[in-house]
Amino acid sequence: MKSKSYSLFLKDFHSELRTRYAINSLAMFIIVAISVIMFAVGQEKVSEGLTGGLFWVVIFFTAMSGLSRAFVSEEERGTALTLQLLSAPSTVFSGKLIFNIILVFCMNTVIALLYSALFETFIIRNFALFFISFVLGNFGLAISSTIIAAIIAKAGAKGTLYPVLSFPILLPLILTSVQLTLFALDGTSIEQAKYELAIVVSYDVIMLTVSYMLFDFIWKD
Amino acid sequence: MLKISWKIFLFLLLAFVSIAGIAFPIVENPHAWYEFPLIPGLEENAKIIFFHVPTAWLTVVAFLVSTVYSFKYLRTKNLDDDAKAYSSTQLGMVFCILATVTGAVWAKFAWGSFWSWDPRQTSIFALLLIYGALFALRSSIESEDKRATLSAVYSLIAFVTVPFFIFIMPRIMKGLHPGSADDTNAGPVVNFKMNGSMQLIFFLSLIGFTILYFWMWRLSYKTIIYRDKLDKKLIRG
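If you read the sequences in order, they're chains B and X.
Residue 164 in our numbering is what sits at position 164 of the first sequence, and the numbering runs on without skipping anything.
Residue 1178 in our numbering is what sits at position 178 of the second sequence, and the numbering runs on without skipping anything.
Since the hints were derived computationally from the structure, they do not count as laboratory data.
This structure is a prediction, so every number in the text was calculated from the model and none was measured.
Do not take every clue at face value.
Stated by the list, open to error - Where chain B lies over chain X, by a calculated footprint (3+ residues, C-beta under 8 Å):
no., segment
1, 1129-1136
2, 1151-1159
Claimed, not checked - Listed below are the simulated DSBU-like cross-link pairs for lysine-lysine, each with C-alpha atoms no more than 35 Å apart in a straight line:
no., chain 1, residue 1, chain 2, residue 2
3, B, K4, X, K1146
4, X, K1233, X, K1072
5, B, K4, X, K1072
6, X, K1077, X, K1003
7, B, K220, X, K1233
8, X, K1047, X, K1229
9, B, K220, X, K1072
10, X, K1222, X, K1007
11, X, K1222, X, K1077
12, X, K1222, B, K220
13, X, K1108, B, K45
14, B, K220, X, K1146
15, B, K4, X, K1077
16, X, K1232, X, K1108
17, X, K1072, X, K1232
18, B, K220, X, K1003
19, X, K1003, X, K1072
For glycine and all other residues, C-beta sits at the position ideal for the given N, C-alpha and C.
Based on the sequences and whatever the hints tell you, model everything.
Laid out in structure tokens, this is it:
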């Protein structure tokens, strides 16, 4: 038997494949953001520390441009009420979260590939550390942006409000992830980066718990 | 009578703290009770501690109070609790701006620049952003219940990120504040380098500002609650 949240995810997945709204806008946004950075940089040689930071700038703004769709689309199409009748809040949240996690992983993989192709100084010296921090950072990004997307959708889908609300919540994650990316570029060992990794893990766990606890209040009104 | 007398007490306390904090001299070897010791590296700048630390403390207290009442609102769905949370947020924003400004001024004279992304500066900046986001969220929603619920949820989510800033970030990032990871000159200023009179003024200032906060908070949430009641009365006729 398929679980309910999985079918909810499939529903989102199929509707996404039909319209390709999120994928198209995310892909275009990635290209636009990276090309703006490339134009701004020009012929200058970008230092290693800077590429690590710019990497997360692009990730943050790309996430902000596309991840609110998960809940905003339900409100726009007027299907939120049907979902409320059909399934429990936690099921809805799980379905949306799975969808956003996959979206974040696709998007960030593309960004990482483009970065290593376009920036000469973006050389990952410790790939294991980069991979671990990348996966953990993606989970955190997906969790926080999903719960904020739910708030935004109920607040009347204010597009400009989404990055404003998300940024303070994501700030601990982004700061630590920038640090971890720099470590990976420097070739620091995982042993030395264990405090930062512990922070990201605890961030993920805390945000996941809080999101599941508070989603009921957002969803039922 | 009691009501007026504690207001007079608060006035006298804050007046004493302000005068003492600004006017008491800093000397090398303090003998008289009103003389402050010379703290190397701080000198005359040390006096702003009586105003900077209480505002930073109240920023955190206001945020805590607002979170507690947000939590209470989610349990009781009583709009009075939302008014309490909201008024505490407003006051927190005021104190947050004050702490940022006094801190920046102090940083200019102690570390040479107004802003240097020290971990605690980053934390207070994040708190400023959280407060700003809460106001932006509140002003975007028309319906009273929805506004209260969503802002309560948001302030709870924001609250769980605060420990990262306050406790973890300063420990792992290089910092200039006392108590940072790479702080070599032996720990917090409060315990080691203040003498008795300085500590007395410092804690009096903390107490005075805290009472001031609770007084302002009470006034402000009562205003909101009465205004809402009056509005409803006028509409119903």
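Hint check results:
1. 1129-1136: holds (count 5)
2. 1151-1159: Held - the segment 1151-1159 of chain X has 6 residues with a Cβ nearer than 8 Å to chain B, which meets the minimum of three.
3. B:K4 - X:K1146: Since the Cα atoms of K4 of chain B and K1146 of chain X sit roughly 28 Å apart, the hinted pair holds (cutoff 35 Å).
4. X:K1233 - X:K1072: holds (25 Å)
5. B:K4 - X:K1072: holds (32 Å)
6. X:K1077 - X:K1003: Holds: K1077 of chain X and K1003 of chain X sit about 31 Å apart, inside 35 Å.
7. B:K220 - X:K1233: holds (29 Å)
8. X:K1047 - X:K1229: Violated, at about 45 Å.
9. B:K220 - X:K1072: Distance of about 17 Å is within 35 Å: holds.
10. X:K1222 - X:K1007: holds (17 Å)
11. X:K1222 - X:K1077: holds (18 Å)
12. X:K1222 - B:K220: Holds, at roughly 29 Å.
13. X:K1108 - B:K45: Holds: K1108 of chain X and K45 of chain B sit about 32 Å apart, inside 35 Å.
14. B:K220 - X:K1146: holds (10 Å)
15. B:K4 - X:K1077: holds (30 Å)
16. X:K1232 - X:K1108: With a Cα-Cα distance of about 50 Å, the restraint between K1232 of chain X and K1108 of chain X is violated, given a limit of 35 Å.
17. X:K1072 - X:K1232: holds (23 Å)
18. B:K220 - X:K1003: violated (43 Å)
19. X:K1003 - X:K1072: Measuring from Cα to Cα gives roughly 28 Å; hence the hint holds.
Hints 8, 16, 18 from the earlier list are contradicted by this structure; the remaining hints agree with it.
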